[in-house]
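**Q** In order, the protein sequence lines correspond to chains S and G.
Numbering-wise, the first sequence is residues 1 to 454 according to the numbering used here.
Numbering-wise, the second sequence is residues 1001 to 1346 according to the numbering used here.
Read the hints as simulated data drawn from the structure, not as lab findings.
Keep in mind the model is a prediction, meaning the values are calculated, not measured.
You may find that some hints are simply not true.
[Said to hold, decoys possible] In silico DSS-like links for lysine-lysine, alpha-carbon gap of 30 Å or less: (1) Lys1114(G) to Lys437(S); (2) Lys1238(G) to Lys437(S); (3) Lys1114(G) to Lys44(S).
[As the list claims (entries may be wrong)] Footprint (simulated), chain G over chain S, 3 or more residues, beta carbon under 8 Å: (4) 13-20; (5) 33-41.
Yeah, the Cβ is synthetic: ideal placement off N, Cα and C, and Gly gets one too.
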Amino acid sequence: VGDTLKSVGLDIGTTSTQMILSELTVENRASIFAVPELDITNRKILYKSPVHFTPLLDGSHMDGDAIRELVAREYRAAGISREDVDTGAVIITGETSRKENARTVLQALSDFAGDFVVATAGPDLESRLSAKGAGAVEYSRETGKTVLHMDIGGGTSNLSLIREGNILRTGCLNVGGRLLKLDNSGCITYVSPVLQGLCPLTTGERVTREQVAELARLLAQTLEMAAGLGQPTALLQQLLTEEAEAAWQPPREGCVISFSGGVADCIARDFDWLEFGDMGPLLGRAIRESSLCRGEYRLGAETIRATVIGAGCHSAQLSGSTVFCRNVALPMKNLPVVSLSREEQLDPEALRRKLTGQEGPSVIALPGFREGGYDAVTALAQSILSGVGEHPLYLCLEQDMAKALGQVLALHTAGDRSILCIDRVRLPPESFLDVGKPIGPALPVVVKTLVLER
Amino acid sequence: VFAETYGEYRAAYRRAINDRPYILYRKTIFKLLFCRAINMTGDFMNKQELSRMVADILEGMEIPPMVKGGEYKPTDPGPQPVDTHCQDGDFVPDVTELDLRKLYLVEQPENPEKYRRLKERTPARLGSGRAGARYKTLTMLRFRADHAAAQDAVFSQVPEDFAKKNGMTEVHTRCESKDMYLTRPDLGRTFDEENRQKIHSAIPGTPRVQIVVGDGLSSAAITANAMDCLKAIRDGLKLRSIDPGTPIFVRYCRVGAGDAIGDVTGCELVCMLVGERPGLVTDKSMSAYITYRPHTGVSESARTVVSNIHAQGTPAVEAGAHIAELIDTILKRKVSGVGLHLEAGA
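Generate coordinates for the entire structure from the input sequences, incorporating the hints supplied.
**A** Now the structure itself:
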């Protein structure tokens, strides 16, 4: 029987807000005659909230007080308090005002999210979480197929290309069901600014089903281009989210397309076009009739809840089980990553150069090595010590060597100097790291791609 | 199953073997009915009825004709000899240099990429293909080579200058040779007077921690891992202000030799790095056995073990750092082995 972590996932989008509470089981997979090897062996969802409409002040700004109320209610409904929560993620999505909204939400939730390891994520992590939450990653791993997963929400579509269960790349498009909102008489109440130049419709105008369907087809076409099923035009460029890590490369190989998000429900089923007061039903229909659904496609095991389940169940991972930690107060949040390549890791100059300009503490990510024995570890420690200066010794390695390295660093520094040395975690450049309180000999970590304030 | 009486059963079975749609499934139906019939015997069937039923069943079954061994004629002509273009003095490629995790020999595979990825996760000999009902030549050769390497690891010696080069005193147990070592485990756990004296003079005072390096069943494991692991243990102990003491090397060493060293030195804890019995995966796997208050006759359950220390398992350096912490814990709790786990669980 292993330890358990209680994890909360909150997905606050411009359309809907959802919460789940899950329990992650951590077990030692190694025998008692070997060095421990902890792993998350089970993820169980204890509570799923209903899908709420996100309280908004205007078209795109969230109402912090109302969100606090909502989350407080859901905490009570789930029967948990702040102290029970070990880890989790709040994902703030939406096509506009992401940063302002994230700030509002962070302030509003400071009472709850105090011990959360992660507070906000970027579009890259969001795509990963929705692909995992929808079961697309598992499907790809089990079948060996390449899968293009699209989580089509209210404001954005998160894309992930998955091969053999590995997420190769992610992207984000401003395509969603609520870019256009209507009242029940067919009058437009909101047009998203991202549609500027694409759609002649304006707020207050009465529209026909066919007019909205035409816009929906245009958006579905953009998704086709993103899936590599049509020549990319300026349209694709225009609708790519600016915050995305790199320009989206449509896949060149044939792949299974998988859908989640609120719009996914409208692909499988026809609703009245005014059912939800947005273009979701027609967008779903346009996707079903597009070439996206002509080949092999599937709906996620979870659709509208994919992202929140990803946030609750898949945001935390475990470090290796032999790590070194001295004089470090955990949890630590939002550590920016300074990456050293295989060649740079033994070059103190490279480390010094990369650390200048870092204001607060950051974590040094390096690949490490398996060869070379203890002398190589000592050499690495010496190199790091001469390059690191007064900067805190926070290190994250890919290879299993953190405890040995940390130990050498500790021997050669004053006894009160903070050292955190973890391994078996790969940190992409430009990312941020959260480290939670230890669970057994390992540390739960969350790697994210966007943070707001330090 | 619907048959409640033997009559019903018989009728059902007759129906099953005669009705065309059922004909394909009649073996399954027969099995179901047979199970039911067996259950019924306890209720009302007598011996005669049972033997009648068995006779019926046998009648219904098509007994396959017996084939005599001599009648078997292979239709496959088998592999033709291939011209290898080898000349005198050439070497054939070394089979032990192939990475088994990348070697996939199945012909006409459905999804070789997927299988290769599976193979990367295990040292097991998967996807070896076959020649008829047997191994392929390459598989067979590699298997034999690995087996030979395992045997060599047992029979070969740690180099004579190993202890000296690494600043350790060398002693040996009562064994005089590898053969004696393998056939007399009892002698591998004790020392004669001369070696006891040697231990005594090599180790000053009463150490708290005594590190012992022993060849055990794999000399290759010790040559490959012991020193890296030892250095990491030493630094780890220093960091925790524990004197790592003077390590000692024991030839023809079994785990129990640590108990005898405990008797001689009076140390509080022995940590022995010893070569594991080699297998077909690796011949270089090392273990650490940590015993609190070691003495002759100490229970095996009092040992804490860290096994699988080798390049593909836990790297020696990282294992050393882990062992140092473990030693610290054991010294603090004053218990090792099963007791330590029980205490941790309580």
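**Q** Now tell me if each hint is right for this structure.
**A** Results for each hint:
1. The suggested pairing of Lys1114(G) with Lys437(S) is violated, with an alpha-carbon distance near 37 Å, which exceeds 30 Å.
2. For the proposed pair Lys1238(G) and Lys437(S), the alpha carbon gap of about 26 Å is at most 30 Å, so the pair holds.
3. For the hint pairing Lys1114(G) with Lys44(S), the CA-to-CA distance comes to about 29 Å; that is within 30 Å, so the pair holds.
4. Under the rule that three or more residues need a Cβ within less than 8 Å of chain G, the assignment of the segment 13-20 of chain S is violated, with 0 such residues.
5. Using a Cβ-Cβ cut-off of 8 Å, 3 residues of the segment 33-41 of chain S lie near chain G, which meets the minimum of three, so the contact claim holds.
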